[in-house]
Structures are given as C-alpha cells and as structure tokens.
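Between the sequences and the hints, there should be enough to build the whole structure, so can you do that?
One letter stands for each residue in the lines below.
Protein chains: 6
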Amino acid sequence: MFPSSVVLDSMIKDWLLEDMGRGDKTTQGLLLLDSEGKAQWLMKEDGVIAGLPIAARVFRLLDEQVAFTPMVEEGNFYKSGTKIATIEGKKSALLTGERVALNLAMSLSGIATETRKYVDQIADLPTQFVDTRKTTPGLRILEKYATQVGGGVNHRLGLDDAVMIKDNHIQAAGGIGKAISLIRENIPYTLSIEVETSNLEEVKEALVNQADIIMLDNMSLEMMSQAVGIIREKDQRVKIEASGNITLERIRAVAETRVDYISSSAPITRSYWLDLSMRMVD
Amino acid sequence: MFPSSVVLDSMIKDWLLEDMGRGDKTTQGLLLLDSEGKAQWLMKEDGVIAGLPIAARVFRLLDEQVAFTPMVEEGNFYKSGTKIATIEGKKSALLTGERVALNLAMSLSGIATETRKYVDQIADLPTQFVDTRKTTPGLRILEKYATQVGGGVNHRLGLDDAVMIKDNHIQAAGGIGKAISLIRENIPYTLSIEVETSNLEEVKEALVNQADIIMLDNMSLEMMSQAVGIIREKDQRVKIEASGNITLERIRAVAETRVDYISSSAPITRSYWLDLSMRMVD
Amino acid sequence: MFPSSVVLDSMIKDWLLEDMGRGDKTTQGLLLLDSEGKAQWLMKEDGVIAGLPIAARVFRLLDEQVAFTPMVEEGNFYKSGTKIATIEGKKSALLTGERVALNLAMSLSGIATETRKYVDQIADLPTQFVDTRKTTPGLRILEKYATQVGGGVNHRLGLDDAVMIKDNHIQAAGGIGKAISLIRENIPYTLSIEVETSNLEEVKEALVNQADIIMLDNMSLEMMSQAVGIIREKDQRVKIEASGNITLERIRAVAETRVDYISSSAPITRSYWLDLSMRMVD
Amino acid sequence: MFPSSVVLDSMIKDWLLEDMGRGDKTTQGLLLLDSEGKAQWLMKEDGVIAGLPIAARVFRLLDEQVAFTPMVEEGNFYKSGTKIATIEGKKSALLTGERVALNLAMSLSGIATETRKYVDQIADLPTQFVDTRKTTPGLRILEKYATQVGGGVNHRLGLDDAVMIKDNHIQAAGGIGKAISLIRENIPYTLSIEVETSNLEEVKEALVNQADIIMLDNMSLEMMSQAVGIIREKDQRVKIEASGNITLERIRAVAETRVDYISSSAPITRSYWLDLSMRMVD
Amino acid sequence: MFPSSVVLDSMIKDWLLEDMGRGDKTTQGLLLLDSEGKAQWLMKEDGVIAGLPIAARVFRLLDEQVAFTPMVEEGNFYKSGTKIATIEGKKSALLTGERVALNLAMSLSGIATETRKYVDQIADLPTQFVDTRKTTPGLRILEKYATQVGGGVNHRLGLDDAVMIKDNHIQAAGGIGKAISLIRENIPYTLSIEVETSNLEEVKEALVNQADIIMLDNMSLEMMSQAVGIIREKDQRVKIEASGNITLERIRAVAETRVDYISSSAPITRSYWLDLSMRMVD
Amino acid sequence: MFPSSVVLDSMIKDWLLEDMGRGDKTTQGLLLLDSEGKAQWLMKEDGVIAGLPIAARVFRLLDEQVAFTPMVEEGNFYKSGTKIATIEGKKSALLTGERVALNLAMSLSGIATETRKYVDQIADLPTQFVDTRKTTPGLRILEKYATQVGGGVNHRLGLDDAVMIKDNHIQAAGGIGKAISLIRENIPYTLSIEVETSNLEEVKEALVNQADIIMLDNMSLEMMSQAVGIIREKDQRVKIEASGNITLERIRAVAETRVDYISSSAPITRSYWLDLSMRMVD
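Residue numbers (the working numbering), protein chains in the order written: chain C, 634 to 915; chain U, 634 to 915; chain D, 634 to 915; chain P, 634 to 915; chain H, 634 to 915; chain S, 634 to 915.
Please keep in mind that the hints were generated in silico from the structure rather than gathered at the bench.
Wrong hints could be hidden among the right ones.
Since the list gives no way to pick out one identical chain from another, each pair is judged satisfied if it fits inside one copy or across any two copies.
[Said to hold, decoys possible] Derived lysine to any residue pairs resembling SDA-like cross-links, with alpha carbons at most 20 Å apart:
{"#": "1", "residue 1": "K767", "residue 2": "R903"}
{"#": "2", "residue 1": "K767", "residue 2": "Q673"}
{"#": "3", "residue 1": "K671", "residue 2": "R883"}
{"#": "4", "residue 1": "K767", "residue 2": "D850"}
Given below as structure tokens:
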C-alpha cells in the first residue's frame, strides 16, 4: 500500500538533504535557476517497475510545478529500453533530484523484480509469498510496498503490529504456553500471536495454546507436511507460515505442503537494483 | 571513516523507532524488564565484517549499560561459523535491538565483502577502487564507511563537496569550457571540479580548461589508454577516473591503463547482505 | 505496557519545552542553580496511582542525578493523604519540572481510577474491559498504559495495527464480504480484521466472511445475547466485542451476555484528573 | 487566540502520525485513493463548540483540496443534534482524519462548555474567570484557546511569560521581599511578578514589595474581603487573583469580594469531552 | 539567565552539524580517535568574557568525558593575553569543536563587551540599560544572556511575553485607547502592555489608558524630560523606557531625564566579535 | 549561491518560532486576522543590499499569498532613503514577520556591504577575496551567500568539503608530509587539501607533499612574495591563499604579492548590521 504523504514527504526531504548537503554546487554554479527542461527515464535492464509515485514526490519537493508523467504501470514487467517516465520542470530540480529519485526507484524495482520471480513459482497455488523484517533501516515502508508491487504479501510491519514468539522468548518465559498466556495478558487483544516452531512437538504445543499463526521454521518438506496435517485436523483458522531456506528452486515444493504463507527476505537482502537511467531531452 | 556520534545517534534512533513503532509487543508482553542476558553474534557465510561499532550503538541506545564486545577486526575476512561479538545487557534491549542491529551489520558487511573482491583484483597496482553516489537513501554515510572498510576509497559524499560536470550540464552551459568557468566563479574555491568525458575530444577540452579530475566514462580499453597518455603528457596532477561497465572480470584491464581511480556502484547496488545471526546464550 | 525510553523521552522533552518556553523565569531569577532540595508528592483524593515512572523521567531530564523514589505501587488504590513519592535533586529541577510531572501523573491516575471502577464491576466474569482510539492527541501511548494500570486491556493502538471496518467502509466497498476480501488482499496478513455490526444480519455476514473480531455496536442486551449465540455456535475462535452506551450501571449486564470484550472511551473522555500535589520538605 | 499555522501544523502532523503509524490499513486496504466523499459532523450532547478551525487543519493536512465548512459559530452554545460542519474531500482523508479531528474538537468543546458554566455565574460582575497551568501536556495552547472560546481569560502561558512566586520560592529566597527583588534583577523587566499569599501578613508583604499581582490562595471569603480592602486602599493598579477551591457553587461569592480574577483548573481537569460524531453522507 | 540544557543542547547539536556536515575530514583522516589532548583558550583583545559555559557544552556533546575548566569569571573584563580556559579530552573533540565553540564565545563576548560600555556610562544612575528584539536569528536566548552578562537588563524575549503597541498597531485599531482595550481583552492578563509614543499627546493617551510601560521613541532630551514629568505626576508605577538614537555619547544625558530604562540594539547590531583563540598545549 | 528552499524553509520556520513563541500577542490581540495591508522597506544607511529573497520567504511562510516585490538589485550599492521592497498581504503576517525578516536582511546586508569594501580594494587585480569558517552559528549558509553577494568568493563551507591542516594537526601527525599522506588515504579522493604554513620551510614541505592549497598565515609581505616565488617556480596549479591580519589598508599590498586568494573573517566578525526599516503604507 502506498504510504500517505504525511508519512512519506519528510523521509524524502531527509534523503534530499543527505545528498544535497549545503547545496548542489554543480547545478547552483551553472546558475540554472528557473530555466525549464524535460527529462526521460529509461530501463537499462528487464524487470518489474516499482517506485515511480515515490520518485515523483522527490521532484515535487524540489519544484512544486514539476510534471512527472509515468509511461508504464507500477508492478508490470518491461524490457530493457522501455521509456518509463517523462519529467518536465525546472532543470535545476531535474538535475538535483535525479540521483535520489533514481536510487529509490532502482532499489525498489530491484525488490519488485526479485519478488515476482518467487511469486511466479507458486502463482497457481493458494499459498502466498510473504516478506520479513529484514529490511534496510529507514526504508521498511517502501520496501514492503515494493514487495506488494511485486506480488507478495506483507508480514508484520514492525515490532508493534503483531507478536512473534521465538525460541529466545520461549526460553525466557519457560515454555510456549507460558509465553503465549503471559503475552496475551499484556498486549492489545487485537494483535495476532505467531509462534516459531522447529519440530512437531512445538507445533502441537503452539496449537494447544491457540497461537494465531504457527511458523514452521527450517523444517524438512516431510516434517512440514506432517505439521500442516496435524494443524488442519485440529483447527481450520490458524494460519501456517513456512520459513527458512526458501529458494527459487525449493519454493514450489514448500507451497505444495499446503502452508498458507511462505516468507523470505531474499527479494530484499539478495537482490540487485534494477538499472534505470535519466537523460535530458530538452 | 567512522561517523561521529553527533551524526550517527539520531539516525539509529529513527531506525529503532521505525521497527518498534509504539513498542516491541513481544518483549513488553513477556515483562522482561530489567532481567540481564547474554547474546552472541555468528557468521553464517564467509565474508568481510563491517558495522560492528554501529551495531554497538544500536544496543547502547536501548540500554546504556550494555556491553558489546567485538571478537573480530572490522574489515577482516572470516569464515562462516565465526563468533563475531558478544552482547551483555538487558534481555529486552538485546531482543528489541536485534533486528535493527543485524540489518545494519548484514547490509554493510555485504558491501564490504563485495568491495573487497574488486579491490583484490588490483591490489598490486597503484589504481584505487572508488564508490559512487548510487547509495541507499538514508544510508550514504554508512555505506561509504563500508566501502572504506572493504578497502575502497570514497568518491564525493554528496552534491556539495565536489563538482561533477556531466553531459547535461555541458549542454546547458554550451560547452565544457563555459561550464567549468561559470561554475568555478560561483562555488567555494576549495572544491574540485570533475568532468565526465566519453571521447578524446572531450578529454582534451577538459584538460585545456583545467578540470581537476577527468572521468573517462564507458570508454573502450584502447581509448582509455590513449586518454591517459594525452592527459599525462600535459599535466601530472590532474586525476583520472574510469567509470562504466566495471566488472570483476574487466577491472584489472582497466587499471592497467594507468588510470588513478576506477569507480563502480556494484558493491552497493549489486551485492547481497552477509548472513549473520544472533543467539541468546544466557 | 510501559513505553521504551526511546519512545518516551522526546515526548517528555517536548512537554517540558511547552511549559518552559525560553526558561522558567521564577526559578532562574532566584539563582537557585545547583542547590539541592527534597520534595514529597501527596494524594489529595482517593484513587488508583498511575504514571509515577513517567513523572520520574520528567525530573531526570532536568537533572541527571535526581532521585525519584516511589512510595506506593503503580496500579494500587490509595486514600487521600498518602505520600506517594519523594524526589531529591536540584531545587531548580524540582520546581521547574513540578507542573509537567504532576499534570501527567494526575491525568493518568484519573484514567486508571475510572478504569478500575468499570473493571471492578465485571471482575468475576471472563469478559474484559477494553479502551478505544478516543484518546487525547499526543498522549495515546500513555493513556493506554493508564488503562492497563487500571486493569483494562488495550484495543488497537492506531490505524495500522488492526483493521476496523465500520459502516462507512462497508458502504464504500459495497458490502461486508467485499470489504473484508478487498482489505484482506492488501494488508499485512498478520493483522486482525474487526467488523462493526448493528444487527443480526450484519453479524451473520461478518461471521460468514471470517472476520476475526465482531463488534456488537449499540445493540440491546437481548440482541447481544442472540448475536453471541449465533457466533459461538458457528465459530469458537472469533472474538466478540460489545460497544456503545457502556455505563457503570449497565456494564455487568452486558458482560453477562458472554461477550469477550466490552469497550468504552469513558475512562479517558469522561473522567477527572486525580488530585495530587507536591511540597518541598527540605 | 487562535494559534498561527506556523505553530499549529507540526503539532497536528504529529498527532496524525500518532494515530496512523505506518498507515491507515482499513482505508488503504479499501483502495479508496482519490474517490471523493462528503461527511457531516453532529452534536450528540448540548454544549459550547470549540476547535472547528483546528479540525479543519487536520483534514487539510491529509488532503489539500478538502473543504471544511463550519455551520455554527465557534464559542456558541448549541443543542444535541445540531449539524456543526460538513467536510468534502477525498474519502480516504475523511476516514483517516476523523478520529484525530473529533478527539480534538470533543476535548476542546468539553473545556469550553465547562468554562462557560463558571463564566455564566459571574457574567454581570467585573471579575474575570482565568485558567491555570494545569493543562494536558502537549495541548496547552489549544486548551487555553478553548478557555477563551468558553468566555474565560488566560493566565500565563508558561514558565517564561510571567513570574509566579510560591511558598517554595519564598522559603528558598528567605522572604517575599528578598524573592521579589532577586527575581526582579534577573528577569526581563517587562514581565509581571505574581505572589501567592495565604494570609493577610503575606498580602501586606507582597504589597509593600510591589508585586504586580497578588494571589489570595485558599482563603476564606472573609479573609479575601479583608485582603481586597487592604490592597485597594494602598494601590489601585495591583491585580488581585483568587484561587483554590473554586466551585460552581462558590464562585459568585468569591467574585463578590471584588477580586479582579478567579482562577481554576476545573474546566480542564474536571470536565468531560463533548460528544460529537461524524457520518458519511455521500 | 543561563538557558537550561533542555533548551540549549539541541541548538548546539544543530550548530555542530552545520559545521561538521558529514564529518570533520581533517580530524577523521588523521585517525586521532581517542587520543587525549589539552588545549588552552586565550584572549587576543581586551574585553568582557561571555559564553564559557556554552562553549563547555559544545565540547561535552563531542566527548562526554571532556573537562572544560574556566580560568576567569563570566562577565568580568580582562586584558588581551589572559588565559581564559583549559580543555582536556579527546583531541578529535577539541579540534572538531574548536570553531563552533570559539564562534559562540567570540560573538557573545563581543556583545557583553559592548554592553558594558553603555552600562558604565550610567552605572551611578538608577536608569537601566535594556536590549531589544534586534537579535541574530537563532541566537536570541544567548545574545540576551550576553546582554545580562555585560550588565544590561532584558526587554521582552519574544512576541509572546509582552505586548508592544507601535504606530502600525495604533493605526490598525483606530487609536491608542482602542488598541489597548482590544488587546487587553484577548491576551493573558499577566502580560504587560507597552505603548510606543513619539510626542506628548501620545504619552498622555497611553497614560490615560493605563499602559504598563510607555516608550518615548526618538524624542529630544527636552521632550523626554517633559514626558517623564507628566507621567510621574500621574502614576508612580508605570515604567518609562527611552529608545532611538542611543549612543555612548548621548546615553548619560538620556538617563538624566530620569527614565527607568534605555533600550538599544547597538551592542548586538553594532559590535565586533571579541578575538579569542585556542592552542593545543599537549 | 542562494540556498534551496529544501534547506532554507525549515531554518526560517525555526527563526519565526524563536520570535513568536506561543504567538504574537500584540497582533493576535488586535484580531487583525485576514485584513490586508501593504508595507515598504527603506534603507536608513548607505550600503549593499543582501537577503531580500530570504526575507521574502519569511513572509511567505506566514501567508502563502503574500507578494514581496524587490525594488532594487541584490548585491548593488544604494543610498540611505532608497525604497528597497514592498510587501502586500495579511497585516498580521506583515507585522509578525517584520522583525525576523529585517534581522536577516540587516545582518546579511551588513556583511555584503563590508565585503564590498575589501573587494573594491583589489578589484583590478586577479587576486580574490575569500571568507572563513568564522560565521555565526546557524547562519553559515546565509552569511556565505552574503559574502558572494558582496563580491567575495567562498572558502570551504564546513569541515567536510575540504581539508585544512593546521599546526595542531601537523604536530599530532608528526610532520606535514605524514599528515598529508595519512589524511589522503582516508578521505574522499575528490577533496582538496590545504596546508597552513607560517614560514618558508613549511611552504616547501607542503609543496613537496603536493598540498592542493598552501595558506601563507600571518607572514610579512616580503616573506609572502618569496613564498609565492618558490611555489610558482615549482607548480603552476597549487593555489596560494594569504591569511591573517588582513585590513582594508593592507589588503592591496597583500594582493600585489600575487597570491590567488586572500581570506578574512572581518566582513562577518567585524561589521555592523545595515540599518533598514519597514513602514506600513496601507
């Protein structure tokens, strides 16, 4: 979901300031001031486009009158060479904003492109592909947007919108049941509780204690199938998530165990930026 | 160069807030409060470590008494399985800070690891490997730190600490000479001016107009050699930078043209995070 | 749950600046500087105490060496006249911080005191008392903390940690089923979806479409009982919340319909501050 | 006095972010985007309206094109059921901003309504009703605005725009005279100095030392009358403020002692929010 | 009055960031890291010292362990060559903080030095020397502190802690009386109202309408004497301020008209920085 | 170079808040609200005008519809009495913004006026006049803009856009050569390195070690001439800067030694504000 400008604009302003520091000396030195120009964005690699509305805000913050016109659909796949946007406005805004806008669109399109590869593997199955909290500090909301654009579904956005009980937490509380009941007492009742399990014993314990989501972490395909069977027999509503060692080669087999969700950080932590470039055309 | 805490701490605080939102419900729900614990960081892949002092600050902001003890040297290469740090402090701080700290160290170590590969190709030659402004928005200062840790040298940090005249600027000014003299008049005299060139004519024009740095952009190896010859004959001090299409395979041949610097965004835009993990040991 | 200092301290600093403006002219004019003093906090009304750890942070931000010693338990009920804390530190910090610290503790204790009244009515029943998003702008995290201290349970903390589908949303989407399925597609899968219903038809529709939480809004006791029956027959896990016109007189009857949760904004919007005062004792 | 947008807008933005967190998942999930709608605000209780211009800014920050049209006068008393405003703009802005805007208008209208009750008791007398620094942290400027809207007069806005010498200060300085002269030397000469007194001796001492304002704190009606007599005989310009134990029942008798001002925190600390609601009408 | 650290520290941090940008490349390049050093501050001109406690905070923010030891008294006059402070701590903190700390102390000492010259002219008279709102944007609180250190008294600190009615306001309201009564109705009753007058008619009108302070603006000495006579005959408590064309030559004659205050912006707008320097001694 | 609004607007907002605090009580008290007015700015002293575009932004932030019309050219010299701008907009914006806008324009015009005096002394020589880092904390970017408007050239803007090696650094490193090579290794290669020298030995050492800029600090005219000769014989590109004891009387003689740049902080640290005033004309 595209972030509200209330959330987004101050982040973009910080990123512009990071690059501009005390001012773009090249552009300022040329005294371009208010002369108008036109630029075009091009793809230099095949991939899925994400982030054009965000790039548009970058230029808008530098020139309120700028016109950023997307020529492609956010979330679609295009071939290298495709013209993806034109930007008309003050030359100084186009040149000063170029790098920040491209850095954003390139990294987000890279994530969307990689996400699409995973999603395509399981497109005909009911299982959905999910992201994680392994996101670049400062960019979570945008990287999770790119995941959606690429066809994935978001997992929790942070430490406060869902509970995830891992082995460290279980150990600290003295068991899954104790951890769940202690947490349940203290948190907003609207929050889901997910429990990370690594064997069938833990799966059963999470099930008995009414976890809302059970994560099957780093299990073999066989164990995963068994876990899904055990859970579904007892409860139709608990959600099942598989995690750990999810590769393009293996994802389909995991989905075929009938888990509801498969999570992986790979589209964010193991992807390349999609190569895009800008050229002045006027 | 490691950033000052005056610069760094407010960024880390923002990143913690991005993840915590209104609070870490899992840890808060467990009422861990002030109970003390100990955690260990491990490598799950071979690579060059970068970012431990930054990770240390993450935990410090959550618990002033935390002890983060690195067990390896920043910038060295280690094998998967190596214990790289121990952290002792409040369990709630260890668990709440884990993800942000790891996300930083993993992405920075990934950059340092990839940088090292390029640097190693030309380690016995005088040419140095340089980064670019293609950096993740919000992380430039840290990603440029990771480049250094990996053995690279930094190019300019932003739009205000050096001038880079590209074709768009040249076209706007009406020629390299005009662009340089116009900019030179208007900027701090202490700033270097770099000119991007794509053929020998432009190289000569940049040379005549006393550019401080001449970038040879996307030239063939042969043209680069010629350009270096032309420049060195006339001026021993101007710096020469090669850019464009720099791969691990090609970098050594480029360095052998005797350029001073080779720049590439690949360690930042085309690298994976280095896999690290944390486990509670007490 | 008590908020992390990462979240809390900058809010308190803003509140101190709101009161101090360009400086506390009375205290500054007296040139109190670093002279040490001791103060005591007293109750001037019976009630439940909440907010002492927050008041402690107020003084700490003005004097790093201050000692704030609570003499009562957060969340307990005490009689007027009880000494609830002593504070030792720089006189200037005690006098400058007094008003902000008391304003916080008085308003939060007022909320906890009022919450306790509702909670006491249903203490022997399984139903829990829940707050709402009708909170004072800027104080939500603290007012929700006060609710917990008073014995209540938190509803969602904001617009991003759970979904609440009201009639306006239903109308915009064209039905409960369409609204749920559209939203389910677009949000983090970990989020709960609550649907507001005002009659049995809507209850059934929400149930069929697998709402996680069904709110019975402004229903008669009889309709509520029927709704609970319909829901429980079909689904043991869906949570049932009653809302609207919850008074101290009526809450017990509502709980006896066997809803899981009863929500009301009254402890926040219809309560008085608890009267507390500070006096210098040294 | 209505605060400048320079002061107000960043506060409102913070309050929106408090509620929205990482985004309004319900509205975003419905993909409402830019579809237009119309809403109406209604009173569900009798009272004095305050805060409509502030509510207007809330919606404006979410949608620059929103039209917020008040249908009543700020500061007037209306009956339950009155339509007080219509809002036209993007549905997503109306639904996302609803709670924050209502929370502000409800709490401020509650203050204005309660203030009016006190003011009405003494409307035919020259004495004026004044607020205090017991205000909700973060909301002082708005709560003091609500006091004015309700017919009250503001006391000092913070610790820096007037001096208030209380017993703790007097004790620290060694007497009223010493405290006044010490403070007078060190503060902007334009600031007024108020002295809190609890008996006639102190009143005389404050008078002799040329306090600008003398507060009669928690005195009996008889002592207050005597104090007013003593002061007026000697000085026509010193202002006299009565404080402590001001109730709706007692305020008229206090005013009849001919004090200039009567201060009370009750309209802020002992009032209910005025019940208002929003409904979509299109 | 020295500002609270709650107010001061974030300003100093901003000023450090203004100078450091992305980091002090000279000091960072030398890898000084944590090596300890000692520096001394010297006067290179005669003057009154102001700002040492502020300089101390600059270094403290860069190195929590730094020891800044003043060797002179804030507000005293010293001769060129005097050692005014020693600073011991990390060399990197001393060198990075040097310029910001000196810039502050030099400009504030310049103001204190110039203020002292005016104050000395009227030291034996009851009239006091007062500053204005002509202060450097961002530095008001410190420049007003320097005025006090130099022996002056502060006028209002901003637009909110006193009212100043100038001819533009009088014209807008339709007369002095109308302006005063309109403003009096709408502002905190604790605020003083000053009226700017330029002839005896206006003085009388301000007097009749009970201005708290009457400013005699740009009057001849003779007219000022008459004005003082008219005012004092009628009211002993109204304060009289002379303003406009106050020079070192003329100030004594103005004071002899028996005005209470003489205001001038000259020590801030027409003074030089006092030359101070730092040298490393270890 | 005029700063980008991305950089400038938040500074201006801070300065407005510094002056307004909780609101302009005089203007608010008059209930001027949206009534329109017109004001004129006048010079009350001869001088060079700088800062009108910045003043325009001050009023714009208070009233989006304000029209600020400059009647003179930024950087030109005008006589006392010249009308330099008209401002049309809400009276409340004109009166509330007056002081901040004038404070900025007066201090910047003072700097431009003083700079012009130095520049005029050497206008027919190739040497250029340069500023320093002795700037008012918080105002560097604007004071450096005023230097340019006055005809000067900027030196580095902060600690991060050029390296300056002073004796303290040399001593810490153990010699000029060691300092240069150590720093060169660690900083962005695009940064210039300047070395401060005080005798011919140091000049030679800086020259041998390929400093980009050699500063001749506090040298006699004779020694400067010799230094220029030594440097120019060996290297045509190294830049030579003279510094220390630069007065209006001496600057021409210094320029005649054929140094490239002469730096002085005097236009900033030893100048007066240029007297400007505003009057309402409608």
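Numbers of the earlier hints that this structure fails to satisfy, in rising order: 3
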